Structure formats: C-alpha cells, structure tokens
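Peer 1: The residues making up each chain are set out below.
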Amino acid sequence: MTVRDVVVTALVGAGVAIQVFACLGVVLMRDALDRLHYVGAAAVGVPCVCAGVIVAEGPSLIGLKAVLTAAFMLASGPVLGHATARAIHLHRRARG
Amino acid sequence: MNGWLWAAAVLVAALVPLAVVCVRLPAPEGLVALEAAGVDAVLALLLISQGTGRQPFGDLALVLAVVSFVGAIAYLRFVEAFREE
Chain C
1 MTVRDVVVTA LVGAGVAIQV FACLGVVLMR DALDRLHYVG AAAVGVPCVC AGVIVAEGPS
61 LIGLKAVLTA AFMLASGPVL GHATARAIHL HRRARG
Chain U
1 MNGWLWAAAV LVAALVPLAV VCVRLPAPEG LVALEAAGVD AVLALLLISQ GTGRQPFGDL
61 ALVLAVVSFV GAIAYLRFVE AFREE
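Taken in sequence, the protein lines are chains C and U.
Counting with this note's numbering, you get residues 1 to 96 for the letters of the first sequence.
Counting with this note's numbering, you get residues 1 to 85 for the letters of the second sequence.
Pulled a few chain U residues facing chain C out of the computed Cβ check, cut under 10 Å:
#  : residue
1  : A8
2  : L18
3  : V21
4  : L31
5  : G38
6  : V42
7  : S49
8  : A61
9  : A72
10 : I73
11 : L76
12 : R77
None of these hints come from the bench; they were simulated from the model.
Remember, it's a predicted structure, so these values are computed and weren't measured experimentally.
Positions of the beta carbon are idealized from the N, C-alpha and C atoms, including for glycine.
Okay, chain C solo, but in the shape it has when bound:
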C-alpha cells in the first residue's frame, strides 16, 4: 500500500463519512431550516471525494471532471442554500 493509496483512502473515506452524517442530519432534524443547515455541511464532503479521485488518477479525464464537479458544487451550494432559506421563510410567512 503506497502513500498515494493511504491519502486516497483517507480523502474518500472522510468525504463519504461527512456525506453520510449530513444525510443523517437532514433526516433526523425537526425543522426545515435545521435540516437545511446539514445540506451546507454536505458541501464539505464534495471536495474531499473529488480530491481523492484527483490524487488517485492524476491529470486525467476523470480528474478534470472531478475538478469541474467540485468547482460547480462549491459555487452553487451557497446560492442554493440561500435561495432555499428564503423560499422557506416566504412560505412560512404566507402560511402564518
């Protein structure tokens, strides 16, 4: 097992663990805004897994796609979180 394998295992394992805990948080919290908090936490897992793929494959086709995916998720995650919180707020204010 080379150093590269250890790094890849650590990165992918950490990313998947963060993702699973974020899913647990989304499922277990009571309020919609509390649940939304864990969607933001899931965004931390994406660069971990993508970095694992890049370390394993080096500069390659899937490495490039992993970079693009991570970049897009990092850019879109906060936008989506903000828009969702706003929509939930408006929804509640209308419903009373």
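Go by the hints and put chain U onto chain C.
Peer 2: Just chain U now, kept in the frame of chain C:
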C-alpha cells in the same frame, strides 16, 4: 468490488432515508431532502465511474450537478408560490 464501489454503495444507501423524507414530510422539508440527495447522487456517480474504470461516465456526475441545481431552483419557485393562495 473495490473500495470506490463500496464508497458508492454507502452513498446510495444514504439516499434511501432521504427519499423517505421527500415522500412523507411537507414540501419545504422534502425540498431540503431533495437538495441533499442531489449532492449525494453526484458523488455516488463520480465514485461509480471511477470504480468501474469507465472514466467517460464521469460526465454523468457533472451533468447531474448542474441539473439538480436547476431542478432545485425550479421547485423553490413552487414552494414560494404557495404564498399567493
């Protein structure tokens, strides 16, 4: 099955409780679960394409990242639109 596919299997298993939340709870909670499921599925597809050695399928992850973002924005409009009733 290699490590990549096991990691993907864990992520796919995590989709099941999110689907239950989507189906059973009111619209705002379901929408949040849908967004979490989108992130989860993107990573699962990336890991599957790496684990099966079919690197061109990495496109699926990238496309799903874009499509799930746009889809979530579309559903947000519906959740907001309830205020006009």
